[in-house]
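Asker: Two chains, each in its own frame: build the complex with the hints.
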Amino acid sequence: MSRSFAIADTCFLIDWARYRGRDLLFKLYVVYVPESVLREVKSESTIAWIASRLASGDLALFTETESEVEEARSIVERSRRMPNMPGVDLPEAVCIAVGRRRGYVVLTENRGALKFVELAEDYAGVTIRRSLEILLQLQLRGHCGDPALRFREYEEDTKHLFPRKDLLNAVAVIRRELCGEAQEVGGA
Amino acid sequence: MEEDPREVRGRSADWAFIESLPPRLREALKYYIEAGDMYVASRIAGLTVEEFNELRIRANIPNVA
Numbered sequence: 000m001s002r003s004f005a006i007a008d009t010c011f012l013i014d015w016a017r018y019r020g021r022d023l024l025f026k027l028y029v030v031y032v033p034e035s036v037l038r039e040v041k042s043e044s045t046i047a048w049i050a051s052r053l054a055s056g057d058l059a060l061f062t063e064t065e066s067e068v069e070e071a072r073s074i075v076e077r078s079r080r081m082p083n084m085p086g087v088d089l090p091e092a093v094c095i096a097v098g099r100r101r102g103y104v105v106l107t108e109n110r111g112a113l114k115f116v117e118l119a120e121d122y123a124g125v126t127i128r129r130s131l132e133i134l135l136q137l138q139l140r141g142h143c144g145d146p147a148l149r150f151r152e153y154e155e156d157t158k159h160l161f162p163r164k165d166l167l168n169a170v171a172v173i174r175r176e177l178c179g180e181a182q183e184v185g186g187a
Numbered sequence: 000m001e002e003d004p005r006e007v008r009g010r011s012a013d014w015a016f017i018e019s020l021p022p023r024l025r026e027a028l029k030y031y032i033e034a035g036d037m038y039v040a041s042r043i044a045g046l047t048v049e050e051f052n053e054l055r056i057r058a059n060i061p062n063v064a
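As they're listed, the protein sequences go chains R and E.
So for the first sequence, numbering that gives the first Met the number 0 puts the first residue at 0; every next one is plus one.
So for the second sequence, numbering that gives the first Met the number 0 puts the first residue at 0; every next one is plus one.
Next up, chain E with everything else stripped away, as it sits in the complex (with noise of 0.2 Å):
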């Protein structure tokens, strides 16, 4: 049976490096383990998509699509 994606975005997150960033970088990071739509974080997060994938990696948290 296939992971939720939601638990292994979750569960690979940096989460100490999540929660030292600002507010916008943050939540973005954190709507994207939840919903996993890259194009809606990157506006939540004031970013283009290409840097918010680069924040994404330096977070830990992995694409799984």
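Just chain R, same shape as in the assembly (with noise of 0.2 Å):
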């Protein structure tokens, strides 16, 4: 199956970086590196890990041009204008604009994306995905087991809590997907 490209922000990056099941993610995509997002890796780990994977080609590194940035810091700007909206800072605003622009699906856990996204329509195609939908997926692609394994695997190696309602109702997907339970999908 050939695999969309996708443009991942740090922290995203960085909590993947963390993970046991780190190189699942390449199941589903070639994920562009933006150089800002390279910049903010120290650890060897990391950066071991990212050259490794930047020389299998299942990263790649993306430059960001004036003009990406221009309409990222539109984004910024907008975003700080829009009622009760968590902002949405620079490096997240360079991926929602690479991925209204090139398609990329944009890998990101920052609220303020997801909500902007929702909110301007000139956005509204720009899909984003969060690690806990990328987890879920990767889960259906495979068999029923314990359905909470993936999610609380990277919960303990990332300090990442997903909220728990969404949580929950991804490991109801999973038991009716897969281990063909009848269960309600939704609020906990």
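Just so you know, the hints here were simulated from the structure itself, not pulled from any lab data.
Check each hint, because a few of them may be wrong.
Dumping the calculated DSS-like pairs for lysine-lysine here, alpha-carbon to alpha-carbon at most 27 Å [what the hints assert, rightly or not]: (1) K164(R) with K114(R); (2) K41(R) with K158(R); (3) K29(E) with K41(R); (4) K26(R) with K41(R); (5) K29(E) with K158(R); (6) K41(R) with K164(R); (7) K29(E) with K114(R); (8) K114(R) with K158(R).
Derived CB-CB ranges, DEER-like [stated by the list, open to error]: (9) G102(R) with S19(E): 44 to 50 Å; (10) D3(E) with L89(R): 25 to 31 Å; (11) R42(E) with G179(R): 46 to 52 Å.
Among the chain E residues that face chain R by a calculated CB cut under 8 Å, a handful are [claimed, not checked]: (12) D3; (13) I17; (14) S19; (15) E33; (16) D36; (17) M37; (18) V39; (19) I43; (20) N52; (21) A64.
Backbone N, C-alpha and C define an ideal beta-carbon position, used for all residues, glycine too.
Answerer: Below, the structure is given as structure tokens:
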């Protein structure tokens, strides 16, 4: 199955660098890493992982153009003018701009980024994926097993807690789709 | 009902560790607990995002998102 192109922001990439199943990401995507994201990485283990995946072609370097950065600045400004909106910072905004222009899936955990593409009509076509959704997608390619295991391992490795309601919904989808359990997917 | 991420971060945090840090790092972690914005917090701390993320983990502050 051919993989889609995606572009990752800093927080997403450094979380996945800590996750024991980090290379599973490349079953779904070839991931572009903006130069600005690469500059935020310092540890030897993360740099070694990124370098090896760049060499294998699972990751690819993305050099932002001035025009993309300018569009990203405008996204940041627009997000700051929206009421009750978590701000979008420049690194996530670059990913959103590239997502709109080139059709790449945007990999981020930033709530502001999620909200922005929901509210800004001209960015409605941008697809954003969080780790929770990616782990769910990966699990659905496998077998039932322990439906919550992958999420638990990710939380342990990254100290990143998924919203409980979203997590319960994801586990319910796995139970229904893979384990054959008839369950309601909904509020916890 | 989903718990306020600010409360989750603040409750889990190792406050003795945070208070023992130099001002830039201390205030950056307090900002992160309040706002949950790792990029801005890393700029306050004068660290890269990855370095700040390591500090966050040492301070036992979960990333709730």
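Asker: Hold the hint about I17(E) up to the distance rule: shortest CB distance to chain R must be less than 8 Å.
Answerer: violated, 15 Å
Asker: Are the Cα positions of K26(R) and K41(R) separated by 27 Å at most?
Answerer: holds, 26 Å
Asker: D36(E) was flagged as interface toward chain R. Is the shortest Cβ-Cβ separation under 8 Å?
Answerer: holds, 7 Å
Asker: Assess, step by step, whether the Cα of K41(R) is no farther than 27 Å from the Cα of K164(R), and give holds or violated.
Answerer: violated, 34 Å
Asker: Is the straight-line distance between the alpha-carbon of K29(E) and that of K158(R) 27 Å or less?
Answerer: Distance ~17 Å between K29(E) and K158(R) Cα, so the pair holds.
Asker: Against chain R, is A64(E) within 8 Å by beta-carbon distance?
Answerer: With a closest approach of 4 Å, the A64(E) hint holds.
Asker: Please verify whether K114(R) and K158(R) have alpha carbons no more than 27 Å apart.
Answerer: With Cα atoms ~23 Å apart, K114(R) and K158(R) stay inside 27 Å; holds.
Asker: For the pair supplied as a hint, K29(E) and K114(R), is the alpha-carbon distance within the 27 Å limit?
Answerer: It holds: about 24 Å lies between the C-alpha atoms, which stays within 27 Å.
Asker: Can you verify the interface hint for I43(E): is its Cβ closer than 8 Å to any Cβ in chain R?
Answerer: violated, 13 Å
Asker: Quick check on a hinted range of 46 to 52 Å for R42(E) and G179(R), using CB atoms only.
Answerer: For G179(R) against R42(E), whose Cβ atoms are near 49 Å apart, the range 46 to 52 Å holds.
Asker: With a cut-off of 8 Å on the beta carbons, see whether S19(E) makes it to chain R.
Answerer: violated, 20 Å
Asker: 25 to 31 Å was suggested as the range; check whether the CB atoms of D3(E) and L89(R) agree with it.
Answerer: holds, 26 Å
Comparing the model with each earlier hint shows violations of hints 6, 12, 13, 14, 15, 19; every other hint is respected.
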